[in-house]
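From first to last, the protein sequence lines are chains A and B. So the first sequence is numbered by UniProt numbering: it starts at 1 and just counts up by one. So the second sequence is numbered by UniProt numbering: it starts at 1 and just counts up by one.
Calculated from the structure, these hints are not laboratory results.
List time: in silico DSSO-like cross-link candidates among lysine-lysine, alpha-carbon distance up to 30 Å: (1) Lys190(A) <-> Lys197(B); (2) Lys111(B) <-> Lys74(A); (3) Lys111(B) <-> Lys128(A); (4) Lys111(B) <-> Lys90(A); (5) Lys169(A) <-> Lys186(A); (6) Lys111(B) <-> Lys92(A); (7) Lys197(B) <-> Lys239(A); (8) Lys278(A) <-> Lys111(B); (9) Lys78(A) <-> Lys111(B); (10) Lys197(B) <-> Lys128(A).
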Amino acid sequence: MASSLLRRAMNVTARLSLSTVAPASRLVVVRPYSGEADAQKVEPKAAASTNMKTFQIYRWNPDNPTKPQLQDYKIDLKECGPMVLDALIKIKNEIDPSLTFRRSCREGICGSCAMNINGCNGLACLTKIESGSSETTITPLPHMFVIKDLVVDMTNFYNQYKSIEPWLKRKNPPPTAGKEIPQSKKDRAKLDGMYECILCACCSTSCPSYWWNPESYLGPAALLHANRWISDSRDEYTKERLDAVNDEYKLYRCHTILNCARACPKGLNPGQQIQHIKQLQLTG
Amino acid sequence: MASSLALKRLVSSNILPSSLRVVRPIVTAPSTSRVSNTNAAHGDVFVPLSPTRSPSQVVNFRDQFMKNPFLSASRDMATLAKADVKESNEGETGERKNILRPLSPHLPVYKPHLHSTLSITNRISGAFLTSVLVFSYLLSLKMGSVCLTYSSFYQFFFYSAKLFLVTASVSALALSYHTYYGIRHLLMDLLKMGVPKVK
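Take these sequences, add in the hints, and give me the full structure.
Structural data, given as structure tokens:
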């Protein structure tokens with residue numbers, strides 16, 4: 001209460017004596033605190049024009065395991081960057097430091113900040129905050145074990161990627177010994193749409209088939225990479241790779257639900273790559 | 001022990017504003033926290049301490065509650081952490097807690113899209129047609145013997161006879177949709193038609 005009175009007094013004096021008061025003093029922000037409880041009380045509509053938006057964020061603490069909850073945070077969009085990650089960082093800096101989430105590059109290339117925003121999976125650093133007064137709901141990637149708040153356990157996902165052996169395998173040495181294996185531009189173009197995958201897990205965790213069979217079905221991300229190595233003209237283990245995936249569960253749990261293509265933040269289409277593998281299984 | 005007494009005194013006194021006495025379903029069992037997350041509606045029970053809590057847990061509690069009035073509206077997220085929850089051993093100064101991690105929400109949260117809706121409708125129509133087929137087989141072949149032995153069945157079928165027409169038209173719809181979807185799937189697989197662009 002004392003802090004708000006002081007603030008109002010400051011504003012009044014500043015407006016009254018515009019010419020006499022030094023311009024620098026108007027830029028100084030004074031925050032007198034009488035106690036910790038007082039300091040925590042921030043009036044959301046303090047400034048003249050604010051654009052408040054409510055974020056509902058999934059919270060769960062392993063140190064104090066209760067039922068997971070959705071917690072509300074109100075922030076002013078005028079003082080925040082355009083992306084959801086900006087809002088999360090602002091909440092962590094100013095309101096609640098215990099909010100836990102992964103982030104690294106803030107430009108959509110590392111894949112750390114993958115989470116479910118307003119019902120769709122995506123990268124927080126690439127998803128714009130929706131304008132308008134509707135609430136934004138942020139939950140972790142669906143059907144994954146939660147380590148804390150928005151951080152999920154990705155071990156199974158990475159193991160599935162490892163299981164398709166994502167490296168070049170050859171039976172014969174390269175045609176010109178000691179030099180690189182040549183590849184034509186057309187063959188290199190076949191890899192477009194697959195090599196850009198950043199393993200953010202947005203697609204796999206959006207697939208209901210992957211929800212119901214997370215350990216036996218490989219998921220769109222791993223299958224996209226499997227197709228990347230199957231389609232690589234330099235790789236000579238194509239038949240073995242196709243046989244390794246030719247399983248009722250590993251490949252054929254895909255029912256072309258196509259949630260993966262919708263969720264991919266890089267604009268890739270894992271469903272199409274899985275279809276390509278299925279066609280290769282038919283023909284070869 | 002002394003810290004727990006101090007905290008009890010702090011909570012019961014009026015130092016903390018009443019807005020912080022938030023309702024939160026809290027698991028009172030200390031280390032064996034087999035949280036039954038299947039919508040067990042814990043009432044407004046505010047139990048800050050039980051004597052078996054360790055001091056570090058008490059500190060965590062106090063830190064959480066000292067937080068701020070932004071806890072004004074917090075909703076429950078009912079998760080499905082049934083049989084496939086994982087155990088994680090958290091070593092805490094010699095005390096090992098087996099915490100079961102919750103599963104992040106999937107069906108309640110994920111937004112349905114066009115293609116996912118088409119796919120699930122295909123599955124539902126298939127299931128519906130199968131059940132209609134099985135039920136009609138049972139009905140037509142076993143009706144005689146069942147109705148002669150149990151008279152209440154005969155009454156039921158008499159009064160529900162109008163449902164047959166409704167079921168027939170709905171199953172015709174389901175059959176046509178299922179067939180169209182199946183042909184589309186076949187074309188996608190054989191003719192290299194390609195998967196439709198989603199975005």
